[in-house]
Amino acid sequence: MTNVPAGEHWHLAGKASDFEDEDVEQMIVGNLAVAIYRVEGAFYATQDVCTHEHAYLSDGVVVDCVVECPFHQGRFDIKSGKALGAPVIHALKTFPVEVVDGRIYVRVTPEEAAEGSS
Amino acid sequence: MKRQEMVFDPFQLIDKKERKRLTRRSDAIGLTYLVGHFLAIGAGALAIYLTYGTFWMVLAMWAHGTVLACLFAPMHECSHGTAFRTRWLNETAYWLVSVVYISQPTWYRYRHAVHHTYTQIQGKDPAMVLPGPTTWQHYFEQLLGWRFWTTFPVVITKHALGRMRPQDSWYVPKADLPRIYLEARIMLAIYGLIAATAIYFGSWAPLVYWILPRMMGEPLQRAWRIAEHKGCEEGPDVRTNTRSTHASFLMRALCWNMPYHSEHHVLPQAPFFALPEINRMIASELKPMGASLLAVDREVRRGSIVSREEAARIIDERKKNNEVVDKSWLCRLD
Chain A
6 MTNVPAGEHW HLAGKASDFE DEDVEQMIVG NLAVAIYRVE GAFYATQDVC THEHAYLSDG
66 VVVDCVVECP FHQGRFDIKS GKALGAPVIH ALKTFPVEVV DGRIYVRVTP EEAAEGSS
Chain B
6 MKRQEMVFDP FQLIDKKERK RLTRRSDAIG LTYLVGHFLA IGAGALAIYL TYGTFWMVLA
66 MWAHGTVLAC LFAPMHECSH GTAFRTRWLN ETAYWLVSVV YISQPTWYRY RHAVHHTYTQ
126 IQGKDPAMVL PGPTTWQHYF EQLLGWRFWT TFPVVITKHA LGRMRPQDSW YVPKADLPRI
186 YLEARIMLAI YGLIAATAIY FGSWAPLVYW ILPRMMGEPL QRAWRIAEHK GCEEGPDVRT
246 NTRSTHASFL MRALCWNMPY HSEHHVLPQA PFFALPEINR MIASELKPMG ASLLAVDREV
306 RRGSIVSREE AARIIDERKK NNEVVDKSWL CRLD
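For the record, the sequence lines run as chains A and B. The first sequence begins at 6 in my numbering and counts up by one. The second sequence begins at 6 in my numbering and counts up by one.
If you're looking for bench data, these hints aren't it; they were derived computationally from the structure. Treat the hints with care, as some may be off.
Per label pair, the in silico range of CB-to-CB distance [what the hints assert, rightly or not]: (1) A:104 x B:299: 39 to 45 Å; (2) B:324 x A:23: 52 to 58 Å; (3) B:299 x A:95: 24 to 30 Å; (4) A:70 x B:64: 48 to 54 Å; (5) B:282 x A:10: 38 to 44 Å; (6) B:149 x A:84: 27 to 33 Å; (7) A:21 x B:293: 41 to 47 Å; (8) A:90 x B:43: 56 to 62 Å.
With a straight-line cut-off of 25 Å between C-alpha atoms, the simulated DSS-like cross-links for lysine-lysine are [said to hold, decoys possible]: (9) A:98 x A:87; (10) A:84 x B:22; (11) B:179 x A:20; (12) B:25 x B:179; (13) A:84 x A:20; (14) A:98 x A:84; (15) A:20 x B:21; (16) B:21 x A:98; (17) B:25 x A:84; (18) B:21 x B:292; (19) A:84 x B:21; (20) A:20 x A:98; (21) A:98 x B:179.
We put the CB at the ideal spot given by N, CA and C, even for glycine.
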């Protein structure tokens, strides 16, 4: 039997071995696009749509613990979602991530999945 | 505007794995170019000093000014955050270059972001160079960069006083206005201090080594800026609205590879040193490269410039058709 994280609303995002360092990939949960990152061996998740103009951060660049939007190079801290300066000012929503038996799980509630944008 | 709603998504041209490789930045390469650029500026200043009072001084000022004006290239590169891998290095260089080049960093970053969203869309692209119809007067004003010197002081003073021009308000979020106003005050204080020091000591140095050469050196970098988009389609497709142009090694170095402009618009998160490789990968998918700066300039002059009467007629016709006519010439500020 496959182990999963304790609690509800965990969604399988992929295999940890499929990610190289400074990789970012997209997963869709309901209406919500989530960006999954691997940075320095750890995994993180944020909303995938930039808060500046509509573009997917999963198409962007990861440098250390910062993701940069592919459209206008707005930058966000991956761990906190904090916007790091012009042209972005609004933070990203972040989501809990756990890796169990080499599988990445992201916790997204049904409300978040319904309200999110993709 | 959604990036995915662009008439053509340029990411189709390069797969994700390649994009990751091509977007890696380098502090070493960035520093090499930046130090090289400032060494060239130092050499230009030395040449002016050595030729002071002779005819050759004019030539030295022109050459020095050309290198100074081409600081637009690292300023633009830093605005994208692609000049260096290390962020504080990028932002420090951005400030330094912006002060010397005379441009407001955060404001330029917002303006330039909009330019990438609405490239070549009249009324939307605030950095659109010579939106048509273009007359000889427009062309020479742009090439010589005259309007910069009369407009930028007014704009930065307005910002320092806490005011934003209506035509700029739509693309700058209110939350970031205080930062732009503070930057304007700091920059005016720096320029004021330089001017006051020069006046106190009775020195012409800022004019002789900085402002006058910069004015003289405008045409080359302005010609490159014209070549990037003018005469290309006024529409949203990156394959047709932007032009790359063949350039010599020296020119590419001085302009931090910006003659590969189509490639820059395809992948703006790629650092300048990756642009030649991107060109080799996808040039066949893009607008054919200009043969040289002179060839593109000739093409622009022959194909895009109309008489004043013809320009007036075109504008009237557009107004009748409720089309946008952008005659605000915001581009001259950059």
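Consistency of the hints with the structure:
1. A hinted range of 39 to 45 Å for the beta carbons of residue 104 of chain A and residue 299 of chain B is inconsistent with their spacing of about 58 Å.
2. Evaluation of the 52 to 58 Å hint for residue 324 of chain B and residue 23 of chain A yields a pass: the beta carbon distance comes to about 56 Å.
3. Roughly 46 Å separates the CB atoms of residue 299 of chain B and residue 95 of chain A, a value that falls outside the hinted 24 to 30 Å.
4. One distance hint, 48 to 54 Å for the beta-carbon pair residue 70 of chain A and residue 64 of chain B, holds here, with the actual separation near 50 Å.
5. The supplied range of 38 to 44 Å is met by residue 282 of chain B and residue 10 of chain A, whose beta-carbon atoms lie about 42 Å from each other.
6. A C-beta distance of roughly 49 Å is found between residue 149 of chain B and residue 84 of chain A, which places it outside the suggested range of 27 to 33 Å.
7. The given range of 41 to 47 Å is respected by residue 21 of chain A and residue 293 of chain B, whose C-beta atoms sit roughly 45 Å from each other.
8. Between residue 90 of chain A and residue 43 of chain B the beta carbons are some 25 Å apart, a value that contradicts the proposed interval 56 to 62 Å.
9. About 9 Å separates the Cα atoms of residue 98 of chain A and residue 87 of chain A, which keeps this hinted pair within 25 Å; it holds.
10. Pair hint residue 84 of chain A plus residue 22 of chain B holds up; C-alpha atoms about 23 Å apart against a cutoff of 25 Å.
11. At roughly 42 Å between alpha-carbon atoms, residue 179 of chain B and residue 20 of chain A are farther apart than 25 Å, so this suggested pair is violated.
12. For the hint pairing residue 25 of chain B with residue 179 of chain B, the CA-to-CA distance comes to about 33 Å; that exceeds 25 Å, so the pair is violated.
13. A threshold of 25 Å between alpha carbons decides the hint, and for residue 84 of chain A with residue 20 of chain A the separation of about 20 Å falls inside it, so the pair holds.
14. Between the alpha carbons of residue 98 of chain A and residue 84 of chain A the distance comes to roughly 10 Å, so the proposed pair stays at or under 25 Å and holds.
15. The suggested pairing of residue 20 of chain A with residue 21 of chain B holds, with an alpha-carbon distance near 18 Å, which does not exceed 25 Å.
16. Between residue 21 of chain B and residue 98 of chain A the CA atoms are separated by roughly 24 Å; this keeps the pair inside 25 Å, and the hint holds.
17. The straight-line distance between the Cα atoms of residue 25 of chain B and residue 84 of chain A is roughly 20 Å, inside the 25 Å bound, and the hint therefore holds.
18. A hinted pair counts as satisfied when its Cα atoms are at most 25 Å apart, and residue 21 of chain B with residue 292 of chain B qualifies at roughly 23 Å.
19. Restraint check for residue 84 of chain A and residue 21 of chain B: satisfied, since their Cα atoms lie roughly 23 Å apart, inside the 25 Å limit.
20. About 23 Å separates the Cα atoms of residue 20 of chain A and residue 98 of chain A, which keeps this hinted pair within 25 Å; it holds.
21. For a cut-off of 25 Å, the pair hint linking residue 98 of chain A to residue 179 of chain B stands: about 21 Å separates their Cα positions.
Hint violations for this structure: numbers 1, 3, 6, 8, 11 and 12, all remaining hints satisfied.
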